[in-house]
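**Student:** The residues making up each chain are set out below.
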Amino acid sequence: MAVSLFEEKLNSDKFVVTAEIGPPKGTDLSEMKKNIELLKDRVDALNVTDHQSSVMRYPSLGGCLLIKELGGEPILQMTTRDRNRIALQADLLFAYSRGIRNVLCLTGDSVDVGDHKDAKPVFDLDSVQLIRMIKTLETGVDMAGNKLSGKVQFFVGASCNPEADHIEPQLIKFEKKVNSGARFFQTQGIYDVTLLRRFMQFARQFGVKIIAGIIVLFSYRMATYMNENVPGVKVPPQILEELKGLDKEAALRKGIDIAARTIRTIKEEKLCHGVHIMAIGREHIIPEVLEASGL
Amino acid sequence: MIVATKKPIEEILVALAPYESVLILGCGTCVTVCNVGGEREVSLLHSALRVAIANSLMQQKRFHEYTVKRQCDREFLEALKGKSEEVDAILSLACGVGVQVLADYFSDIPCIPAVNTVFMGSSSTFGIWDERCAGCGECRLYETAGICPVTRCNKGILNGPCGGAKNGRCEANKEMDCAWLLIYERLLKLDQLDRMRKYSPPRNYGNLKRPKRVIIT
Chain A
1 MAVSLFEEKL
11 NSDKFVVTAE
21 IGPPKGTDLS
31 EMKKNIELLK
41 DRVDALNVTD
51 HQSSVMRYPS
61 LGGCLLIKEL
71 GGEPILQMTT
81 RDRNRIALQA
91 DLLFAYSRGI
101 RNVLCLTGDS
111 VDVGDHKDAK
121 PVFDLDSVQL
131 IRMIKTLETG
141 VDMAGNKLSG
151 KVQFFVGASC
161 NPEADHIEPQ
171 LIKFEKKVNS
181 GARFFQTQGI
191 YDVTLLRRFM
201 QFARQFGVKI
211 IAGIIVLFSY
221 RMATYMNENV
231 PGVKVPPQIL
241 EELKGLDKEA
251 ALRKGIDIAA
261 RTIRTIKEEK
271 LCHGVHIMAI
281 GREHIIPEVL
291 EASGL
Chain B
1 MIVATKKPIE
11 EILVALAPYE
21 SVLILGCGTC
31 VTVCNVGGER
41 EVSLLHSALR
51 VAIANSLMQQ
61 KRFHEYTVKR
71 QCDREFLEAL
81 KGKSEEVDAI
91 LSLACGVGVQ
101 VLADYFSDIP
111 CIPAVNTVFM
121 GSSSTFGIWD
131 ERCAGCGECR
141 LYETAGICPV
151 TRCNKGILNG
161 PCGGAKNGRC
171 EANKEMDCAW
181 LLIYERLLKL
191 DQLDRMRKYS
201 PPRNYGNLKR
211 PKRVIIT
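Chains A and B, in that order, are what the protein sequence lines are.
For the first sequence, position 179 (counting from the first letter as 1) is numbered 179 according to my numbering, and the numbering increases by one without interruption.
For the second sequence, position 76 (counting from the first letter as 1) is numbered 76 according to my numbering, and the numbering increases by one without interruption.
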């Protein structure tokens, strides 16, 4: 039986759509609330980032609770960068008690790329160990082997990067995540479908659900910035060329076009089980991306 | 070996402000090898301090120079008897271990560090030192082809690479190789890739609880 509505949809062989919500830096939740309202019925689930790029923000857990309150389906992104195993387990108990059922397990970006570069990096666990920890909690005991009064049950996901320069070690890690209990994957941003095809040739055999990440580009500058500064993201030269020299509005249109083109290819070829749209800081344009993609 | 870096002279001058007679004390082992705290550096620091004091409004001080074989070993500190009585403070160019042994040995003399101890490591190119051991207390190098993910991976993760490397370089520092890529390549060469496929459990931070002590018999 499915643990969450999101799992149920993935199991029904529907081409799912998820989108990313970036929480605010501060306590003014109005913009986030507006974005959740706008998207909650248009997509199958909403991820909330966990201090994305190591920038301190309103927490993922808070964003997920807001999604629940507004009647949406949240995916709790959880990194191991900022909390040790005690805090991670406690947050999972809390999340479960408040109806959150989907968790995306991530190691998290380096503290060095964020806005608190002097912070202590925790990484008590890595993403694979975090997946195992959740599976342990599901058996009714914590990591120390102590009995829980009331267990948890989650639909556990993880990430992978089909466009990594050196794919072989990534595939080994992907397999470890599957073997540890990950049932769905949301990938890093895909710009080169050839690389996604290569990855899927390997990944298909494991019978897990793969959701392709789509990062919507807004400008040439954003694309080059991501190439320089955002871990794991690589916008290829031909896409940079498409964005070059365009004014703000035209670049945004082009970015939406590129995203829609990729999504359509993925859907038509039945490459993956869905797409995960990341429109960093501009969630309001996601409906346009969906429309342009025919979703 | 232990690697250290020089403290800025301004910081040393602030720490030395209250003292008139200072012993600048080098250490003849690790910090000599990394060119930070040996006899030569004692002499260079002495000159630099004289110049800095002359160029400031500070009162001139009396400096004495000496270097012992190892400051972290009490038996080598005996050579300082007769010298320590003349000074108000000792400016030590040893690592943090050396400074503490010194402070314990000369309980009534202030001991001031002149270097920052940074890590245990080695040098493969002149002047470049890299961390190679974190003293984690549970060495797994046999599983990782002799390349330590705890010290060489920015996140110290144990089950393979994160997704952040680009062109084989670490997401946190473009000058540094992705440790997990190095591990992968060497395991492949050794025909030991199975070791990377094996799940690696969380670290036992119980090994790191402070204060740490071992009894070796």
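Hint data in this document are derived by calculation from the structure and do not stem from the laboratory.
Among the hints, a few may not be true.
Subject to a maximum C-alpha distance of 27 angstroms in a straight line, what follows is the list of computed DSSO-like cross-link-like pairs (lysine-lysine) [claimed, not checked]:
1) K234(A) - K69(B)
2) K117(A) - K198(B)
3) K120(A) - K69(B)
4) K174(B) - K147(A)
5) K69(B) - K244(A)
6) K135(A) - K212(B)
7) K120(A) - K68(A)
8) K174(B) - K120(A)
9) K244(A) - K40(A)
10) K270(A) - K14(A)
11) K174(B) - K209(B)
12) K166(B) - K117(A)
13) K120(A) - K7(B)
14) K69(B) - K212(B)
15) K6(B) - K120(A)
16) K212(B) - K120(A)
**Student:** Hint compliance check: list the failing hint numbers for this structure, sorted ascending.
**Tutor:** 1, 2, 3, 4, 5, 6, 7, 9 and 11
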